[in-house]
Amino acid sequence: GQQLNQSPQSMFIQEGEDVSMNCTSSSIFNTWLWYKQDPGEGPVLLIALYKAGELTSNGRLTAQFGITRKDSFLNISASIPSDVGIYFCAGRYNNNDMRFGAGTRLTVKP
Amino acid sequence: EAGVVQSPRYKIIEKKQPVAFWCNPISGHNTLYWYRQNLGQGPELLIRYENEEAVDDSQLPKDRFSAERLKGVDSTLKIQPAELGDSAVYLCASSLGQGAVRGYTFGSGTRLTVV
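Line by line, the protein sequences give chains L and E. Those letters in the first sequence? Residues 1 to 110, per the numbering used here, in order. Those letters in the second sequence? Residues 1 to 115, per the numbering used here, in order.
If you're looking for bench data, these hints aren't it; they were derived computationally from the structure. Predicted model, so just to flag it, every value in this text is computed and none were measured. Where is the CB? At the ideal position from N, CA and C, for every residue including glycine. Hints are not guaranteed to be accurate.
Computed Cβ-Cβ distance ranges for the label pairs, DEER-style [unchecked claim]: (1) E:Gln59 to L:Tyr50: 33 to 39 Å; (2) L:Asp38 to E:Ser66: 40 to 46 Å; (3) E:Gly28 to L:Ile67: 16 to 22 Å; (4) L:Pro110 to E:Leu70: 45 to 51 Å; (5) L:Thr68 to E:Glu14: 44 to 50 Å; (6) E:Ile12 to L:Ser20: 36 to 42 Å; (7) L:Ile67 to E:Glu68: 39 to 45 Å; (8) L:Ser82 to E:Val5: 40 to 46 Å; (9) E:Glu68 to L:Ser20: 24 to 30 Å; (10) L:Glu41 to E:Glu83: 25 to 31 Å; (11) E:Ser7 to L:Glu17: 21 to 27 Å; (12) L:Ser26 to E:Lys78: 33 to 39 Å; (13) L:Glu17 to E:Gln80: 45 to 51 Å.
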């Protein structure tokens, strides 16, 4: 089963608003990843984080690797309609397989 | 460069029937993964291949699921017989080595409905 707790489960926001979602784990990871999945497609990698405390941006997206190595957050600034989708966090310890959260479903109202 | 190709995109079958999914990974990617994604959940690993060898199949329900990757390229995942609870999206992914996070690419998946 899932080992990551991702919240919130869903978000309904107005276009232009900022979004924040997070992921926590009971065990440590040394890689955190954030994916986006559109309907009928597979997840696509947005940001990868490799070091505790690391803060990485990709356009309007910013993600951080928590100091404790048990959490991560993703922020989206100035949301636009194409940000709609499901966002998944994933964690990996060494070369073990990735564990995914249950996802945050984002709806952006124009 | 072509991405990970999966077929079929959709499959509806009656319970107790067999079903097979096919995956063609990105050229040169030696690591191939099969995931199952239940509704409202993230993907969960079923099996990982390094070339033609299944190196992690601990989550594969071996009583009814089987997989193969002949010649270390294409792969098939089979369910026989299918049960109602097998309804899910089956995702294939490939990467250049198990540690290659950035090159880890998912296919579009096969949505299976068992009725």
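Okay, the hints, checked on the actual structure:
1. Glutamine 59 (chain E) and tyrosine 50 (chain L) have their C-beta atoms about 25 Å apart, which leaves the hinted 33 to 39 Å range violated.
2. The beta-carbon spacing between aspartate 38 (chain L) and serine 66 (chain E), approximately 30 Å, falls outside the hinted interval of 40 to 46 Å.
3. The beta-carbon spacing between glycine 28 (chain E) and isoleucine 67 (chain L), approximately 37 Å, falls outside the hinted interval of 16 to 22 Å.
4. In this structure, proline 110 (chain L) and leucine 70 (chain E) meet the distance hint of 45 to 51 Å, their C-beta atoms being roughly 49 Å apart.
5. Checked against the hint of 44 to 50 Å, the C-beta distance between threonine 68 (chain L) and glutamate 14 (chain E) comes to roughly 49 Å, which is consistent with it.
6. Judged by the Cβ atoms, the range 36 to 42 Å given for isoleucine 12 (chain E) and serine 20 (chain L) holds: they are separated by roughly 39 Å.
7. Roughly 44 Å separates the CB atoms of isoleucine 67 (chain L) and glutamate 68 (chain E), a value that falls within the hinted 39 to 45 Å.
8. A beta carbon spacing of about 24 Å between serine 82 (chain L) and valine 5 (chain E) contradicts the range 40 to 46 Å that was offered as a hint.
9. A hinted range of 24 to 30 Å for the beta carbons of glutamate 68 (chain E) and serine 20 (chain L) is inconsistent with their spacing of about 43 Å.
10. Checking the proposed 25 to 31 Å range against glutamate 41 (chain L) and glutamate 83 (chain E) shows it holds: the Cβ atoms sit about 26 Å from each other.
11. For the pair serine 7 (chain E) and glutamate 17 (chain L), the supplied restraint of 21 to 27 Å is violated, since their beta-carbon distance comes to about 39 Å.
12. Taking 33 to 39 Å as the suggested C-beta distance range, the pair serine 26 (chain L) and lysine 78 (chain E) conforms, at roughly 34 Å.
13. Taken as a hint, the range 45 to 51 Å holds for the pair glutamate 17 (chain L) and glutamine 80 (chain E), whose Cβ atoms sit roughly 48 Å apart.
The structure shown violates the earlier hints numbered 1, 2, 3, 8, 9 and 11.
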